[in-house]
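With the hints as your guide, set chain B onto chain A.
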Amino acid sequence: MINMKLKVSNLIPFIAFFGLFLVFAIATDGTVCSSYNMKVIVGQVIPIVLGGLGVMFVVSQGSVDLSIGGTAAVSATVGAMIAAQYGFAFLFPVAVIIGILIGVINGMIITRFKVSSFMTTLAMLISLRGFLNYLLSKDVVFAPDGSAFLNGFYIQLIALVIAIIIVGYLFEYTKTGRCCKAIGENETTSRYIGINVSKTRVISFILSGVMASLVGVFQLCKLGGSSSTLGQFFEMRVMMAIFLGGVLVTGGMSAKIYKLIVGAFTIVVIENGLLISNVDGSISEAVQGILLMLVLFVTLRFSGGPIKRTKKAAAAVQK
Amino acid sequence: MVQNESILQIENLNKSFGPTHANKNICFTLKRGEVRGLAGENGSGKSTLLSQIAGILCKDSGQMQKDGAAYDPKSPLEANEKKIAIVVQELGLVNTLPAGINIFLGRTDQFSRFGIVNMKKVYQAANEQLEKWGLPAIPYHRLAGEMNVETRKMIELARALSTDPDILILDEVTQALSHDNRLRLYEIIKTFKEQGKSIILITHDLEEMIEITDTISILRDGELIGTETSCEINSDILKTKMVGRKLDGEYYRADAEERYEDEVILEVKNLVSEDGLADISFEVHKGEILGFCGLSDSGIHAVGKAVYGLSKLQTGTVCLKQKNIRICNQTQALQNGMAYVPKDRDHEALMMAASIRENFSMPSLDALRGPLGYLSTRKLNRMAEDAKNLFNVKCTGIDQPMNGLSGGNKQKVNLGRWLLKDPDVLVVDCPTRGVDVGVKAYLYQCLKNAKEKGVAIVLITDELSEAIGMSDNIAVMKNGKIVKTIKRSSHFSEEAIIEVMI
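Chains as they are written, first to last, in this note's numbering: chain A, 1 to 319; chain B, 1 to 502.
Errors might be hidden in some of the hints.
Stated by the list, open to error - What follows is a list of derived Cβ distance ranges for each label pair:
| # | chain 1 | residue 1 | chain 2 | residue 2 | range |
| --- | --- | --- | --- | --- | --- |
| 1 | A | Val115 | B | Glu11 | 55 to 63 Å |
| 2 | A | Met119 | B | Asn389 | 23 to 31 Å |
| 3 | A | Met119 | B | Arg369 | 32 to 40 Å |
| 4 | B | Phe17 | A | Leu223 | 55 to 63 Å |
| 5 | A | Asp139 | B | Arg142 | 52 to 60 Å |
| 6 | A | Asp139 | B | Val272 | 55 to 63 Å |
Claimed, not checked - Pulled from the structure, derived: some chain B residues nowhere near chain A, Cβ distances all over 12 Å:
| # | residue |
| --- | --- |
| 7 | Arg32 |
| 8 | Gln110 |
| 9 | Tyr123 |
| 10 | Asp166 |
| 11 | Asp180 |
| 12 | Arg220 |
| 13 | Glu267 |
| 14 | His285 |
| 15 | Cys319 |
| 16 | Gln330 |
| 17 | Arg357 |
| 18 | Ala496 |
Don't read these hints as lab results, they were simulated from the structure. On a predicted model such as this, the values are computed, not experimentally measured, just so you know. Note that the Cβ used here is the ideal one computed from N, Cα and C, for glycine as well.
The shape of chain A in the complex, shown without the other chains (with noise of 0.2 Å):
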């Protein structure tokens, strides 16, 4: 089998990922291997896969999705305060629905009136993250009764692999993620060939929207009710797990969910091996950075990404 082939470039990410996760297995004698912090990592990356498999379709396109910060925040504070009232079967599909919504919302935009997604996504989070505050100040949220099982670890872990299996499929064996890649590569080529590149664009943004929404309701629940950091920063740890895992910034058909998975993985070993090795809280944000400049600037360069990208178009201008 010709894909078979094992490519280095590929490999990057994840040695990458085990040589950070070495270098803290030994700074911390070991303690970030123990089973215990083995379980903190994983129950801090659910959240940013299970975010990031939405966000794939959109980034695979070559665009942005910066609302999904807001949106898993209003999405679940609205379904929680319905459920409040109507009971707790109203909580995933209410958030689902606003998710939707959302989604549909910034797709429309983003096709009907050619707005870059960058900059609609943007006005988009800043108007939900707006519209949480006025929700707050209105009404204190709890999480609704009978909510405290989506707190275990494993009924999160099974809904992150059920979740990958579906959107998984979904993004790398259909026709559906096959055309968001396609658009990636190139949308004139997408829309000569015969794609409804409108369409495939506000399908991946809902499937973003549903995603965040899911987030939400398993943060809003850990937390025990809504507050208006939820979701904060979001947006950018899903971003920068998808850019870690090797994702072009152009999108195509280098987008790829293992990517992802890794990219997760890596940051939540930096953020949480820096606590464990004792690194002074006042820097510590700004190790957490030159690491992670680290990481992608090695998967870029070994991976045929970007950078040499960039050459080559320099190139091609120089002509």
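For chain B alone, kept in the frame of chain A given last:
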């Protein structure tokens, strides 16, 4: 000025890209006032050689001398200073800048004061250049990216000319030009010659090359095989030398009668669109090749887009008669057995960074789908592998990215992926643009086979000989209208068609 004095000398030039030895010990002398053609198959190293002369690529080893002095340009700008200018094969404009600025790109210092470029002066200077060389007016304040391929080529030509070069290099420029602009280019070449300046050019139209050049150098697999005098050679000898073996003479169709079934497959009625169609109606029958000829702004390319449902139509319908379906958008077109091969292969047709497999499979995804929409990797691989072998695509494997292939092989993928689907209607726009004779003959064979299978083919082309050689009927367009339809049995002649076109 002495006519026989040499202006450019190249000795033992070598250039490799990884394992590919693109230029092997090239020795080359160009005289003042000489028009030199470079002939060779795709991938024989023509563009590589020219790129090194123009400073786009740096040589691995060897010497270049211009006017007796050592010449080793590090960038195209440096080459410009040494009075060598190139018009490249791919489009080399900055799309987001106005055309006027593009003409003086990298040389805007002369128009600027305190770092601010005086646009008025730039446009004025651009205008002067165009007038000086008798080029058609270009809306030079508009963005280059908004213009069509031909206008952009003219801008590039103006840019090259504005550096006042001693040696002008034209890498497949005429391909993108319509008939009238080609004539203008020939005039420019003549003027150059009279001024004792030299030209090196590549074109895949061998007849054209023989006509406009003084001498022709032939490259094969990176080696310079020889240089011939143009008036002593004909295109058959040239072809044989290029390929290194004798080619079968048959290129186009041999028959002189239109031949197709009565059944109408595609019916187009009263198309009016924003991009230049003014009331177009035609029918294509089963097994018919309908050629479209016209100047580049006559709307022939817009016909292809409109038929495939890509344009916004103001009025008019595109119907598939057999299935009784009206085509309103490209998705419907794809699902109902239509195929479209656009003109701009690299930007409109193929995903250049993606692998051959992805490019082959893209239009056939619906057919490859299993239960639950499952696209199995094995199926995709097998399909791409078969297709690669069927169309004889030269590559390292189906995982190779598209941008590593030569123009002819790219086009094999581009056309092949549609032919695999057995379409009912095939719309091809300039299918042999930038493709060498060997592949060209092959692509024509593909079209002939498709015709035998009963595919209704719409062949849009800039090359009259192609339309004449392949079509059952030719529709000649002018100003967005079909002005005349000519049958094959009435013996097409180039003169007759050009007369109607202009």
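Results for each hint:
1. A/Val115 x B/Glu11: 55 to 63 Å: The hinted range 55 to 63 Å holds for A/Val115 and B/Glu11, with Cβ atoms some 57 Å apart.
2. A/Met119 x B/Asn389: 23 to 31 Å: violated, 47 Å
3. A/Met119 x B/Arg369: 32 to 40 Å: holds, 35 Å
4. B/Phe17 x A/Leu223: 55 to 63 Å: Given a distance of about 57 Å, which is inside 55 to 63 Å, the answer is holds.
5. A/Asp139 x B/Arg142: 52 to 60 Å: holds, 56 Å
6. A/Asp139 x B/Val272: 55 to 63 Å: Because 58 Å falls inside the window, the suggested range holds.
7. Arg32: B/Arg32 clear of chain A: closest Cβ-Cβ about 27 Å, beyond 12 Å.
8. Gln110: holds, 20 Å
9. Tyr123: holds, 22 Å
10. Asp166: The assertion about B/Asp166 holds, with a minimum of 20 Å to chain A.
11. Asp180: holds, 27 Å
12. Arg220: holds, 25 Å
13. Glu267: holds, 20 Å
14. His285: holds, 24 Å
15. Cys319: Per Cβ check, B/Cys319 is outside 12 Å of chain A; nearest 17 Å; holds.
16. Gln330: violated, 4 Å
17. Arg357: violated, 8 Å
18. Ala496: holds, 33 Å
Hint violations for this structure: numbers 2, 16, 17, all remaining hints satisfied.
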